[in-house]
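With chain A fixed as given, assemble chain B onto it according to the hints.
As you go down the protein sequences, you meet chains A and B in turn. When we follow this note's numbering, the leftmost residue of the first sequence carries the number 1, and every step to the right adds one. When we follow this note's numbering, the leftmost residue of the second sequence carries the number 1, and every step to the right adds one.
Treat the hints with care, as some may be off.
[What the hints assert, rightly or not] Here are the simulated lysine-lysine pairs, BS3-like style, with alpha carbons at most 25 angstroms apart:
1. A/LYS23 to B/LYS78
2. A/LYS33 to B/LYS81
3. A/LYS41 to A/LYS157
4. B/LYS78 to A/LYS88
5. B/LYS81 to A/LYS53
In short, the hints are calculated from the structure, not lab data.
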Amino acid sequence: MDNLYLPQLAVIDQIVDETPDTKTFTLHFLDQKHNKAFAFKPGQFVEVSVFGKGEAPFGLCSNPLRKGNFRITVRATGTVTNAMHQAKVGDVFGVRGPFGNGFPFEEVMGYDILIVAGGIGLPPLRSLIEPIFDKRKKFGNFIILYGARTPSDRVYKDALAEWAARDDVQLLQTVDRGDESWTGNVGVVTTLFEKIKVDPQRTFAFTCGPPIMIRFVIQDLLAMGFADDHIISTLERYMKCGVGKCGHCAIGHKYICVDGPVFSWQQIKVLPER
Amino acid sequence: MKVGQKYVLDKQAFLAVLDSLRRGAKLIGPTAGPDGDVIFREVESTSEFTHDYVNEFDPIKRFFIPHRQDLFRFQLDKMPKFEPLVDTSPQILFGIRSCDVKGILHWDKFFTGVYADNYYLAKRANTTIISVACNRPLDTCFCICCDGGPWLESGFDLQLSDFGDRYLIDVGSAKGVALLAKVKKGLVAATRQDLEHRKELMATCDSQMVPTAYVAKAIIQITNRRVREELWDEMGYECFSCGGCTHVCPVCTCYDVADYMETPTSGVRFRCWDSCQYSGFTREASGHNPREKAKERIKRRFYHKLSYAYVKLDGHHGCVGCGRCITVCEAIGMLDLPAVVKRLRREGQPAPEEQGA
Numbered sequence: 001m002d003n004l005y006l007p008q009l010a011v012i013d014q015i016v017d018e019t020p021d022t023k024t025f026t027l028h029f030l031d032q033k034h035n036k037a038f039a040f041k042p043g044q045f046v047e048v049s050v051f052g053k054g055e056a057p058f059g060l061c062s063n064p065l066r067k068g069n070f071r072i073t074v075r076a077t078g079t080v081t082n083a084m085h086q087a088k089v090g091d092v093f094g095v096r097g098p099f100g101n102g103f104p105f106e107e108v109m110g111y112d113i114l115i116v117a118g119g120i121g122l123p124p125l126r127s128l129i130e131p132i133f134d135k136r137k138k139f140g141n142f143i144i145l146y147g148a149r150t151p152s153d154r155v156y157k158d159a160l161a162e163w164a165a166r167d168d169v170q171l172l173q174t175v176d177r178g179d180e181s182w183t184g185n186v187g188v189v190t191t192l193f194e195k196i197k198v199d200p201q202r203t204f205a206f207t208c209g210p211p212i213m214i215r216f217v218i219q220d221l222l223a224m225g226f227a228d229d230h231i232i233s234t235l236e237r238y239m240k241c242g243v244g245k246c247g248h249c250a251i252g253h254k255y256i257c258v259d260g261p262v263f264s265w266q267q268i269k270v271l272p273e274r
Numbered sequence: 001m002k003v004g005q006k007y008v009l010d011k012q013a014f015l016a017v018l019d020s021l022r023r024g025a026k027l028i029g030p031t032a033g034p035d036g037d038v039i040f041r042e043v044e045s046t047s048e049f050t051h052d053y054v055n056e057f058d059p060i061k062r063f064f065i066p067h068r069q070d071l072f073r074f075q076l077d078k079m080p081k082f083e084p085l086v087d088t089s090p091q092i093l094f095g096i097r098s099c100d101v102k103g104i105l106h107w108d109k110f111f112t113g114v115y116a117d118n119y120y121l122a123k124r125a126n127t128t129i130i131s132v133a134c135n136r137p138l139d140t141c142f143c144i145c146c147d148g149g150p151w152l153e154s155g156f157d158l159q160l161s162d163f164g165d166r167y168l169i170d171v172g173s174a175k176g177v178a179l180l181a182k183v184k185k186g187l188v189a190a191t192r193q194d195l196e197h198r199k200e201l202m203a204t205c206d207s208q209m210v211p212t213a214y215v216a217k218a219i220i221q222i223t224n225r226r227v228r229e230e231l232w233d234e235m236g237y238e239c240f241s242c243g244g245c246t247h248v249c250p251v252c253t254c255y256d257v258a259d260y261m262e263t264p265t266s267g268v269r270f271r272c273w274d275s276c277q278y279s280g281f282t283r284e285a286s287g288h289n290p291r292e293k294a295k296e297r298i299k300r301r302f303y304h305k306l307s308y309a310y311v312k313l314d315g316h317h318g319c320v321g322c323g324r325c326i327t328v329c330e331a332i333g334m335l336d337l338p339a340v341v342k343r344l345r346r347e348g349q350p351a352p353e354e355q356g357a
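The following block holds chain A by itself, in its conformation from the complex (with noise of 0.2 angstroms):
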């Protein structure tokens, strides 16, 4: 019987600050048959462990439909996330997972796709923004929408820089607080909805984020006409085990590990408590 608690472990292939707190980690598995058989959606997270400090939840960021490493980005706020801080190119953590549910991926091919993220929820996006960019044909209209607190709280820049210059996208960015080499758009995420044109008949629309930020965006995207089950959010809870047993991200009768962490807004409508 598998043991759902071993880690696998995983080599740090590239370490990449992306703003002062966050930092972006390619790894791969140790062992290379696991290696291969790795396998993700978007969306999905896994259970990343630092022996002796612990083990937290972190969405996966990099490209399902590409094989052979991975990557998560970490900001620093606890212990685990700390001591990962501290980690260089060489030293090896312990990975479980893949585990919840992901984006739908094929199910919305053929629609017109709007991603609107704040902060450190462009991440988990990233591994749906990437796979679309693949199969950029199967998809209609692309938008995607980034708020941040600051220009450097930006994940993501040289990616950013590369989405803005394409023309099969639609890239729109905002910051709380502008800085002298700011030019762009200021304000919450939601400010950028007047700029944009969407079908909402022929759109999935995709948010991560703060709980607060989500709240808006999916008001929002109601008032725009979205319906219920074309708004595809993710929920945050503390997670420990991963698997649906230790009961830390219980919300009604779901578990966000196992049943989540995506939603759509017609399933988490009636939770109850958000």
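Chain B only, in chain A's frame:
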């Protein structure tokens, strides 16, 4: 000998069989503690057992899900090494009550599924359950409201009914058959009179139950969200958030996971009991806490215990009627399950169709 058959055996003869099995497995059962407490613990001989008890204060879940359970040991190095610590040692649990067996049946469902918890299942596979039906209840028992007892039709390996110097024995599983096969002499098939006698004992026990927990209406109130918000506010104000109710509950299983360094270069990852009633239970690293207030946590607890969504998911509401939450609750008489069920029934908002009446 088959599952479902019933026998009668002299008590001492049965206990002698348990003694003979002592070498191959831990024998755990009820012993007399100080001040009249009853404590389930490992014994050297069945002579250490007490038979004069109704139920233990603590739930027996610690023999399946220890307060602290080490999951694996790790050695820090350039390439860390780790070794799983799955406990497969056999144990025989003698004398547990029907309500606790019902709790185990709940875990059997919860810990299996797509993600089967191999730590629990290893312990479960190596445990033999010998339950004893209750001839009398405690004044906190309400198992008859929860299909938790005082006796059971299934779920045990062997179920004993105490007839004084004899046991009526229900055979519940292949493990039970194997254990009973070790009885050399004195085992006789139960007669109609024996079964009638048990029925009388159980009817007497039923009639002595004092607390009531008619959960059906409470389930309807919670499922349809007809509970007044002010009622949750009141309960939140009364709760001490001590977590006692969850710790003594034979259904609750929530746990925390953490690492502990035993030496500068080695340690263990363990899980330990946690409680949804603690303020830090849902707190995230960012500081965001979805259930910061006691009110929200109480609501969560009773949603889990009594919503129809969970009844469907688990096949049972989240209570077996053991009454331990009555004994342990610091907010005496206000937040144990029967008390809350009563409040939900009486103080919830009426159903829409009832409002005009």
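Checklist entry - Failing hints, ascending? => result Violated: none.
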